[in-house]
Amino acid sequence: GAGVSQSPSNKVTEKGKDVELRCDPISGHTALYWYRQSLGQGLEFLIYFQGNSAPDKSGLPSDRFSAERTGGSVSTLTIQRTQQEDSAVYLCASSSIVGGGGAEQYFGPGTRLTVT
Amino acid sequence: AQSVTQLGSHVSVSEGALVLLRCNYSSSVPPYLFWYVQYPNQGLQLLLKYTSAATLVKGINGFEAEFKKSETSFHLTKPSAHMSDAAEYFCAVRRGGSQGNLIFGKGTKLSVKP
Numbered sequence: 001g002a003g004v005s006q007s008p009s010n011k012v013t014e015k016g017k018d019v020e021l022r023c024d025p026i027s028g029h030t031a032l033y034w035y036r037q038s039l040g041q042g043l044e045f046l047i048y049f050q051g052n053s054a055p056d057k058s059g060l061p062s063d064r065f066s067a068e069r070t071g072g073s074v075s076t077l078t079i080q081r082t083q084q085e086d087s088a089v090y091l092c093a094s095s096s097i098v099g100g101g102g103a104e105q106y107f108g109p110g111t112r113l114t115v116t
Numbered sequence: 001a002q003s004v005t006q007l008g009s010h011v012s013v014s015e016g017a018l019v020l021l022r023c024n025y026s027s028s029v030p031p032y033l034f035w036y037v038q039y040p041n042q043g044l045q046l047l048l049k050y051t052s053a054a055t056l057v058k059g060i061n062g063f064e065a066e067f068k069k070s071e072t073s074f075h076l077t078k079p080s081a082h083m084s085d086a087a088e089y090f091c092a093v094r095r096g097g098s099q100g101n102l103i104f105g106k107g108t109k110l111s112v113k114p
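If you read the protein sequences in the order shown, they are chains A and B.
Residues in the first sequence are numbered from 1 upward in steps of one, following this note's numbering.
Residues in the second sequence are numbered from 1 upward in steps of one, following this note's numbering.
None of these hints come from the bench; they were simulated from the model.
Each residue gets a CB set at the ideal place from its N, CA and C atoms; glycine is no exception.
Any given hint could turn out to be false.
As the list claims (entries may be wrong) - Derived DSS-like pairs (lysine-lysine); straight-line CA-CA distance at most 30 Å:
id: 1; chain 1: B; residue 1: Lys106; chain 2: A; residue 2: Lys11
id: 2; chain 1: B; residue 1: Lys106; chain 2: A; residue 2: Lys15
id: 3; chain 1: B; residue 1: Lys68; chain 2: B; residue 2: Lys109
id: 4; chain 1: A; residue 1: Lys57; chain 2: A; residue 2: Lys17
id: 5; chain 1: A; residue 1: Lys11; chain 2: B; residue 2: Lys109
id: 6; chain 1: B; residue 1: Lys68; chain 2: B; residue 2: Lys106
id: 7; chain 1: B; residue 1: Lys113; chain 2: B; residue 2: Lys58
id: 8; chain 1: B; residue 1: Lys113; chain 2: B; residue 2: Lys69
id: 9; chain 1: B; residue 1: Lys58; chain 2: B; residue 2: Lys68
id: 10; chain 1: B; residue 1: Lys109; chain 2: B; residue 2: Lys58
id: 11; chain 1: B; residue 1: Lys58; chain 2: A; residue 2: Lys57
id: 12; chain 1: A; residue 1: Lys11; chain 2: A; residue 2: Lys57
What the hints assert, rightly or not - Quick look at which bits of chain B chain A covers, simulated, 3 or more residues with Cβ under 8 Å:
id: 13; stretch: 37 to 49
id: 14; stretch: 77 to 86
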């Protein structure tokens, strides 16, 4: 079946511009996660959506970052007024509620963001 | 707070040699632990996971890991390395012991020499 997809695969933007990154989770997965992978910081959690509950935004690094999930499916991560330190690979993952804490998170291929 | 420490950012082994990648965790609740692999320019793929059912966990591609509570460790092993095992490996713990996000270690890059 189809896995997690992300678009675009690469994005180059100028400092100060806004960007939107999209994630299509596996159909039926109620949980959706955004992570950021950069050379200096490794893999960092950004935000987590579970069903209709309020999202856990505790990992967002600043108020320039926001995310929404429409209809419990597709999610968009928005970065406003991009800075060079935002350059990273942004990974999306989804998981089923089956298995509780042991449920596997399935990762997408990521969006490589470069801020010039 | 939960955390994961991976000892060794780079490990190099010869083809056919034992692979040992170290992971130690800190958790105030019974942990769910995971090993993921990332091949160049690809996303993360699950190798194996510990969910308290068994302390010795077998995963894909011949990898296995043993959960040792007394040592707070979850080291990843493979008896005989293949060239195709060259990748970056991440150990992770589930936050809060439930369906929260994963907390990752810094990763270990495995090189396999012919």
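So, going through the hints one by one against the coordinates:
1. With a C-alpha separation of about 25 Å, the suggested pair Lys106 (chain B) and Lys11 (chain A) falls inside the 30 Å cut-off, and the hint holds.
2. For the given pair, Lys106 (chain B) sits about 28 Å from Lys15 (chain A) by alpha-carbon distance, which is consistent with the 30 Å threshold.
3. Taken as a hint, the Lys68 (chain B) and Lys109 (chain B) pair is honoured in the structure, with Cα atoms around 23 Å apart against an allowance of 30 Å.
4. For a cut-off of 30 Å, the pair hint linking Lys57 (chain A) to Lys17 (chain A) stands: about 22 Å separates their Cα positions.
5. Annotation: proposed proximity of Lys11 (chain A) to Lys109 (chain B) holds, straight-line Cα distance about 26 Å (limit 30 Å).
6. At roughly 21 Å between alpha-carbon atoms, Lys68 (chain B) and Lys106 (chain B) fall within 30 Å of each other, so this suggested pair holds.
7. Under the criterion of a C-alpha separation no larger than 30 Å, the hint pairing Lys113 (chain B) with Lys58 (chain B) is consistent with the structure, at around 24 Å.
8. Taking the CA atoms of Lys113 (chain B) and Lys69 (chain B), the gap is about 33 Å. The hint is violated against a cut of 30 Å.
9. A C-alpha spacing of about 15 Å is found between Lys58 (chain B) and Lys68 (chain B), which places the hinted pair at or below 30 Å, so the restraint holds.
10. This hinted pair checks out: Lys109 (chain B) and Lys58 (chain B) have alpha carbons roughly 21 Å apart, not beyond 30 Å.
11. For the proposed pair Lys58 (chain B) and Lys57 (chain A), the alpha carbon gap of about 34 Å is over 30 Å, so the pair is violated.
12. Distance hint between Lys11 (chain A) and Lys57 (chain A) is fulfilled; the C-alpha atoms sit about 23 Å from each other, no more than 30 Å.
13. Only residues whose beta carbon comes within less than 8 Å of a beta carbon in chain A count, and the stretch 37 to 49 of chain B has 6; three or more means the coverage holds.
14. With 0 residues having a Cβ less than 8 Å from any Cβ of chain A, the stretch 77 to 86 of chain B misses the three-residue criterion, and the hint is violated.
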